[in-house]
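If you want the building blocks of each chain, they are given just below.
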Amino acid sequence: MSLDVSTPSVATSTIETDAVIIGAGPVGLFAVFELGLVDVKAHVVDILDKPGGQCAELYPEKPIYDIPGLPIVTGQELTNQLLKQIEPFGPVFHFGERIDTLERLPDERFRLKTDAGTEFITKVVVIAAGGGSFTPKRPPLQGIEGYEGTSVLYSVRRMEALRGKSVLIVGGGDSALDWTLNLQPIAKSITLLHRRDEFRAAPHSVAKMREMVETGDVRLMIGQVTALHGEGDKLQGATVKTKDGEERLDVDVMLPFFGLTMKLGPVADWGLQLHENLIPVDTEKFETSEKGIFAVGDINTYPGKLKLILSGFHEVALMAQQAAKYVYPGKKVLFQYTTSSSSLQKKLGVS
Amino acid sequence: MVKITFIQPDGSEQVVNADPGVTLMESAKMNDVPGIEAECGGACACATCHVYVDDAWREKTGTPSTMEEDMLDFAFDVREQSRLSCQIKLTPDLDGLVVRVPAKQF
Ligand code: FES
Chain A
18 MSLDVSTPSV
28 ATSTIETDAV
38 IIGAGPVGLF
48 AVFELGLVDV
58 KAHVVDILDK
68 PGGQCAELYP
78 EKPIYDIPGL
88 PIVTGQELTN
98 QLLKQIEPFG
108 PVFHFGERID
118 TLERLPDERF
128 RLKTDAGTEF
138 ITKVVVIAAG
148 GGSFTPKRPP
158 LQGIEGYEGT
168 SVLYSVRRME
178 ALRGKSVLIV
188 GGGDSALDWT
198 LNLQPIAKSI
208 TLLHRRDEFR
218 AAPHSVAKMR
228 EMVETGDVRL
238 MIGQVTALHG
248 EGDKLQGATV
258 KTKDGEERLD
268 VDVMLPFFGL
278 TMKLGPVADW
288 GLQLHENLIP
298 VDTEKFETSE
308 KGIFAVGDIN
318 TYPGKLKLIL
328 SGFHEVALMA
338 QQAAKYVYPG
348 KKVLFQYTTS
358 SSSLQKKLGV
368 S
Chain B
324 MVKITFIQPD
334 GSEQVVNADP
344 GVTLMESAKM
354 NDVPGIEAEC
364 GGACACATCH
374 VYVDDAWREK
384 TGTPSTMEED
394 MLDFAFDVRE
404 QSRLSCQIKL
414 TPDLDGLVVR
424 VPAKQF
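Chains as they are written, first to last, in the working numbering: chain A, 18 to 368; chain B, 324 to 429.
For reference, chain B alone in the conformation it holds in the complex (with noise of 0.2 Å):
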């Protein structure tokens, strides 16, 4: 199981199980986590499943990809940390991610 905690924009914290090889995304709509709304279904084709990658754990996720990098173009807010949550794979090495719900999708 890999843990991951999203925080939204008031501060209030949610903690979530997920299985290994699901995505960050999937983890969230699973587990009913509000502010990623996911339109395409992790098709990278809405940029709706936007977050912000704590500090500390941007290392392990990596950097957004030529396509993920054009699809934040439509995020709004875009920040260093963004990410497209449906384009990170939770791995065991994922465990603990804490991650920021941002205060709109567009």
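Next up, chain A with everything else stripped away, as it sits in the complex (with noise of 0.2 Å):
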């Protein structure tokens, strides 16, 4: 039996595909599988860097107790165990994206775009973002939004666009000292501020750093700011206090990294219905309002829901049979057991 009916791609860069999972946490991860058992494919696109999603991110190291069948698992023990159940579905993944649009076609199918430029056309869609897409902090500094993308950036996409310019570096982890030692040699000047003289950064280059300070080439001052100031969207100053009260330093631009945070991001745009932030499903398929998009994990909401990885991983099974409906129009899914299904485990490699 060939279920095989990948369609020839047409656009250079754009990748057709049966399914699109958008997350990589555990649950994406494991939508792969039970998408595979039922010969739906997928590539998988997450914002981070790296699989694992808020177990690799947040608390990797961290002991979780509640996954059926282990008794004490890490988060990264976690994601590498899925990843490998997961191999023999050779999934795509698609990491440091966002999906940014989403538009359905005239033929029932979805376009997706990145933030990266890469496109996707897929039968279905499986959101399974769980918190949200992991995006900087802002520091609640009043007008802050006005500056952004001008004079208050939280990465720096081009090295150039600073030569000159007076900056301000806020934090003091790698981030932080990264940008500090990058942009001294084009900067004009460069301030480090940070609200105490330890840094989460690798040594080299807090030893780096302090070189410059030494020699002058970099301001280091140990404090928070408390107000920007400015006209539009171009920063002129900040108000810094340290422990010897405040100043205001003339600063062109600011680069605050104060970590990440979830927000739902682009998601909410996508016409979908939303309640507080997540996305309402049914309980059967676990499809949102939109046809052909599903919600899985702690994203979705349902009475009863739990945010639990466990409860995750029954909805991505119960999304499975729904999204083979779509993909496989008018062919019956025959429900199978891994443990005695020939099909299956020929899927699996195991057979």
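Hints were generated in silico from the structure; no laboratory data involved.
The beta carbon of each residue, even a glycine, is placed where N, CA and C say it ideally should be.
Any given hint could turn out to be false.
Unchecked claim - DSSO-like cross-link-like pairs, simulated, lysine-lysine; straight-line CA separation at most 27 Å:
| id | chain 1 | residue 1 | chain 2 | residue 2 |
| --- | --- | --- | --- | --- |
| 1 | A | Lys260 | B | Lys427 |
| 2 | B | Lys383 | A | Lys324 |
| 3 | A | Lys308 | A | Lys322 |
Stated by the list, open to error - Partial pick of chain A residues on the chain B-facing surface, computed with a CB cut under 8 Å:
| id | residue |
| --- | --- |
| 4 | Leu75 |
| 5 | Tyr76 |
| 6 | Lys79 |
| 7 | Lys154 |
| 8 | Pro156 |
| 9 | Gly188 |
| 10 | Gly189 |
| 11 | Arg212 |
| 12 | Arg217 |
| 13 | Gly240 |
| 14 | Gln241 |
| 15 | Phe275 |
| 16 | Gly276 |
| 17 | Thr278 |
Put the two chains together into one complex; each comes in its own frame, and the hints tell you how they fit.
This is the structure:
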């Protein structure tokens, strides 16, 4: 029995597939498995640069105690095991990318585009985005939104744009230190501001930064920003509070590095019905208000919902049955067990 | 029971009673204390459970661990009194504890 109906791709950079899974956390990864059993091929997109989602980003070393059959497992171990489990299905991963747009095509399929320009045409979409996409934390400073993108930057896409500027870098981790070192040669001035005189960054970057402070190439301040000043979207200054009092710095650009937080992000703009930043689904197929778009794991809501990894695993199993109906219309989906079905075992590469 | 007073930025007070053994963050969440978000659920991974411990209690609550200090880098308006409430376990010793909720979590 061959269910391989992959269509030849037409546009050069457009990927045609059965399913696009948004989110490579444990639930997104297991979705690859359940879809794979019913011959639905999947591409997986995640904004992080690695698989595991919150498990890998927030608590890789924390033990989890409520995965059935695994009395104790860390987030990283669970991720690794899931990756191994889904290997037979050959999922294609797209890390460091965020799906920005989703549109339904006249033939009922969907066109998805990422912020990196990757384009997918897919028959079903599975949103397994957990708490949403990880986005840089915005310091709660009055009026900061107005400067974002022009003079307050959470990542540097083009270093050249900072040539000759007075730059204030805030934070004490690797990003803050790396940009201090990288931008120092081209910026007019660099001030590194951190709340304490200890850094969570690679020791050699810290050493290098301290050297630059010695030579006067970088100014290090211990304190916190309390206010921003400027006109329109142009930043002109920042008030910094140190233990000696407040000081106003002349600043053209501020780069705050306060880690990541989760935001629903572009999902909110795809015309799906939402309830308090969650996506309501039915409990039979875990389908959203839009046919062919499913939501599984922490991002969905339904009566009695529990945000547990194990609930997400159950959800993807049911979701896959319906997804298969869309991918192979008219074909009867035969329910089978991995313990006894020779066709499933073949797919898993164990027979 | 451990009695805790949460003081909001506007000065309003909320007194909650918690069982010893739970964390300060958990006691806040169970009693719907506003301003404690605890996005990561107590994994010391989000810094959105930031509180200021009243000076009179700082000795009893102790000082943050290295991991907590690192995570405090991601909190806003960090002061000497800053702690992450998910990292404070309530003991009978802390009966009467007073903490302030910051104006904003990140
Ligand atoms: S709840 Fe996340 S750090 Fe305390």
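How the hints compare with the structure:
no.	hint	result
1	Lys260(A) with Lys427(B)	holds (21 Å)
2	Lys383(B) with Lys324(A)	violated (35 Å)
3	Lys308(A) with Lys322(A)	holds (21 Å)
4	Leu75	holds (4 Å)
5	Tyr76	holds (5 Å)
6	Lys79	holds (6 Å)
7	Lys154	holds (5 Å)
8	Pro156	holds (6 Å)
9	Gly188	holds (7 Å)
10	Gly189	holds (5 Å)
11	Arg212	holds (5 Å)
12	Arg217	holds (5 Å)
13	Gly240	violated (10 Å)
14	Gln241	holds (7 Å)
15	Phe275	holds (5 Å)
16	Gly276	holds (4 Å)
17	Thr278	holds (7 Å)
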